[in-house]
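**Q** The numbering of the sequence shown is the working numbering, which starts it at 138 and goes up by one.
None of these hints come from the bench; they were simulated from the model. Please read these numbers as outputs of a predicted model, since none were measured by experiment. Keep in mind that a hint or two might mislead.
As the list claims (entries may be wrong) - Okay, derived cross-link-like pairs now, DSS-like style, lysine-lysine, Cα gap no bigger than 27 angstroms in a straight line:
(1) K571 x K651
(2) K650 x K259
(3) K613 x K286
(4) K613 x K625
(5) K625 x K658
(6) K286 x K651
(7) K625 x K371
(8) K621 x K658
(9) K491 x K651
(10) K491 x K625
(11) K613 x K491
(12) K650 x K279
(13) K613 x K371
(14) K571 x K491
(15) K658 x K571
(16) K625 x K571
(17) K371 x K279
(18) K259 x K491
(19) K279 x K575
(20) K371 x K621
(21) K650 x K625
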Amino acid sequence: MRYEQLIRQLPLFTRLPDEYMEWIREACRLMRVDPGEYVFRQGDVARGLYMMVTGEAVLVRQLPDGRMQELAVVRPGQYLNEQALFREGQETASLEVTQTATVLLISRDLLWRIVSYHPELKHYLPIPVEAAQDMASKQVFKGQRESEKILLDIRRHWWAFARRFWLPLLLMGVAFGVAAVLPIAFLSLVVAGFFGVVIPGTMMVYYYLEWRNDHVIITDQRIIRIHQIIHSFKTDITEVPLSSVQQINADIVTADIFSRIFNYGTVEIRTAGDAGNIRMTLMPDPEGIQALIFQNRDRHQANQESETRNVIRAEIDQILKGKTAPQQTKTEARVVTRQTGFNTPFQTRFVNEKGETIYRKHVIYWLRGIWLPAMLMLGTVVFFFVLILGGGLGLGFLGYLLDGLLFLLSAGWIYWVDWDWRNDMYVVGDEMIKIIHKRPLWFQNEEDQILVERIDNVASFRNGFFRTLLNYGDVKISLLGGDKGDEKWFVAIPRPQDVQAEITRRQQRQRNKKEAEAERKRREEIAEYLAVYHETVQGEHAAQSAPQIDPDISPLIPTQSSSVTPPPHQQRPPRRLPRNRPSVGNRPVRGVRPPSVPNTKQEDE
138 MRYEQLIRQL PLFTRLPDEY MEWIREACRL MRVDPGEYVF RQGDVARGLY MMVTGEAVLV
198 RQLPDGRMQE LAVVRPGQYL NEQALFREGQ ETASLEVTQT ATVLLISRDL LWRIVSYHPE
258 LKHYLPIPVE AAQDMASKQV FKGQRESEKI LLDIRRHWWA FARRFWLPLL LMGVAFGVAA
318 VLPIAFLSLV VAGFFGVVIP GTMMVYYYLE WRNDHVIITD QRIIRIHQII HSFKTDITEV
378 PLSSVQQINA DIVTADIFSR IFNYGTVEIR TAGDAGNIRM TLMPDPEGIQ ALIFQNRDRH
438 QANQESETRN VIRAEIDQIL KGKTAPQQTK TEARVVTRQT GFNTPFQTRF VNEKGETIYR
498 KHVIYWLRGI WLPAMLMLGT VVFFFVLILG GGLGLGFLGY LLDGLLFLLS AGWIYWVDWD
558 WRNDMYVVGD EMIKIIHKRP LWFQNEEDQI LVERIDNVAS FRNGFFRTLL NYGDVKISLL
618 GGDKGDEKWF VAIPRPQDVQ AEITRRQQRQ RNKKEAEAER KRREEIAEYL AVYHETVQGE
678 HAAQSAPQID PDISPLIPTQ SSSVTPPPHQ QRPPRRLPRN RPSVGNRPVR GVRPPSVPNT
738 KQEDE
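Whole structure, please, built from the sequences with the hints as guidance.
**A** As structure tokens, then:
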């Protein structure tokens with residue numbers, strides 16, 4: 138029985154298209170549980186939905202007085218904990234295995250991590266209203282994924298803004314000193330109030346707000362740094378997947394006495410390329426940040442290894458019982474899209490039939506390039522009517538010819554600008570990113586292709602008042618092993634933060650796909666080795682139990698040239714039964730199998 142057949146038995150996934158089944162399989166884990174062991178215990182954190190594939194278990198609850206209450210017996214094909222896929226909580230009962238069982242777990246964390254990489258799955262999952270409201274309320278920052286857990290949201294040390302207070306404090310002292318010696322009371326009040334309170338207070342508030350806007354978010358999937366400068370309307374967002382982190386340096390500046398007193402320092406996150414490194418100064422407890430990132434990465438790897446071992450144990454159990462383990466057939470998931478092209482003339486984003494997201498530059502770039510030829514065309518139209526009303530203004534045919542040439546020139550200019558804007562595209566796919574610059578006529582076209590798996594990190598930039606007002610900016614893509622200056626740029630893209638999130642989501646999707654494929658191949662190799670070993674062992678046992686024939690004794694089976702006839706068939710004497718074993722006539726009564734002994738009878742898949 139395959140994963141698809143198991144998943145299709147769940148009402149939750151009945152509407153799921155076949156092309157999305159590969160993504161849901163990534164959230165599935167098989168567990169082999171022996172009799173007497175627990176799949177989960179009362180009070181544990183609910184992990185997700187459980188489905189009994191083989192075996193049997195009993196669901197029990199411990200009452201307040203200590204007695205155990207049996208709630209139900211779970212048999213193959215039955216499932217429980219469907220709500221745990223959408224809401225966090227604790228198990229209200231325990232599931233104890235009574236017969237060796239294979240249990241399918243659909244993990245909530247893995248499922249919603251996949252949904253964050255494939256948002257189109259939401260259309261096919263019947264999410265309860267309460268669960269949807271809980272998910273929306275738990276979003277701490279813009280762009281947070283559904284399954285993403287925030288480990289640390291930290292700003293630079295308070296000394297980062299407090300050390301700048303010397304200037305407003307100095308200005309305040311000077312203002313109050315000058316106000317104290319002024320002979321005119323009104324002038325003294327103005328100097329003390331404006332230069333001693335308003336200006337220094339405004340400076341302090343500005344320093345504080347700028348400190349508040351600069352922070353670092355560490356989740357179980359990535360590291361995000363948000364840097365904002367208020368006076369220049371600048372917003373820079375850089376994110377690095379945890380899997381791309383190669384080295385973390387935590388340094389306390391020994392030459393800075395305050396660094397040792399207040400325990401702040403520099404944290405540098407290094408990746409495979411110099412262009413993707415992140416350097417954060419004046420961070421509190423830098424060694425603690427370093428330890429947190431490494432511990433989370435190690436914990437994630439340990440959880441993956443544990444889940445992999447459970448899957449291998451379940452498949453080994455299926456093979457040893459002579460059954461076929463659920464197979465993960467390799468299928469190519471296709472993305473179902475509703476858009477196949479630009480629906481409006483000035484649309485800057487759409488999804489094509491391949492599932493690739495295509496972006497154009499902001500419309501302001503089209504306007505900036507077209508306003509001059511448009512004004513020229515308008516001038517030629519006005520001049521044409523002036524020629525008609527003014528009797529040619531003494532220019533005669535030459536005036537009309539000149540006006541017509543200018544009109545054609547402006548029309549060609551407008552066509553050039555419009556064609557260039559529409560055919561400069563940024564294509565973001567699961568495996569490839571394309572930066573396309575096309576030119577009309579015979580001019581050279583440029584197309585830059587980037588493998589998604591070669592991306593180191595992605596950063597978005599929005600600088601200036603008009604860019605902030607119109608919400609457009611640039612996106613920088615750093616490559617593995619690339620130096621500074623080798624980055625690829627998306628220029629003047631609308632909503633750069635959304636484009637950044639789209640790229641990182643597809644990057645993580647591709648990484649998960651490769652990891653799942655490698656894990657699938659590894660399990661298939663292990664299963665193949667075990668199957669061959671199992672067949673070899675069974676063959677040796679069969680050979681040992683077969684009767685040995687002495688080659689010196691001629692066979693009793695006659696051949697064509699032999700006249701020897703076989704001896705008459707002798708009836709076997711009745712088999713003797715033990716005294717303590719019941720019988721009906723000469724036929725023994727079959728006993729009842731103890732519950733602790735696994736049933737080796739093959740079940741129909």
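**Q** Determine for every hint whether it applies to the structure shown.
**A** A quick look at each hint next to the structure:
1. K571 x K651: Between K571 and K651 the Cα gap is close to 21 angstroms, so the pair holds against 27 angstroms.
2. K650 x K259: holds (19 angstroms)
3. K613 x K286: holds (25 angstroms)
4. K613 x K625: Holds, at roughly 6 angstroms.
5. K625 x K658: Outside the cut-off at roughly 34 angstroms; violated.
6. K286 x K651: Cα-Cα ~23 angstroms, so holds.
7. K625 x K371: holds (20 angstroms)
8. K621 x K658: Violated, at about 37 angstroms.
9. K491 x K651: Roughly 19 angstroms separates the two Cα atoms, so the pair holds.
10. K491 x K625: holds (23 angstroms)
11. K613 x K491: Holds. K613 to K491 sits at ~24 angstroms (cutoff 27 angstroms).
12. K650 x K279: holds (26 angstroms)
13. K613 x K371: Satisfied, since the Cα-Cα distance of roughly 15 angstroms is no more than 27 angstroms.
14. K571 x K491: holds (14 angstroms)
15. K658 x K571: violated (30 angstroms)
16. K625 x K571: At roughly 10 angstroms apart (the allowed maximum being 27 angstroms), K571 and K625 satisfy the hint.
17. K371 x K279: With a Cα-Cα distance of about 17 angstroms, the restraint between K371 and K279 holds, given a limit of 27 angstroms.
18. K259 x K491: Cα-Cα ~19 angstroms, so holds.
19. K279 x K575: violated (34 angstroms)
20. K371 x K621: Status holds; Cα separation ~21 angstroms.
21. K650 x K625: Holds, at about 24 angstroms.
When each numbered hint is compared with the structure, violations occur for hints 5, 8, 15 and 19.
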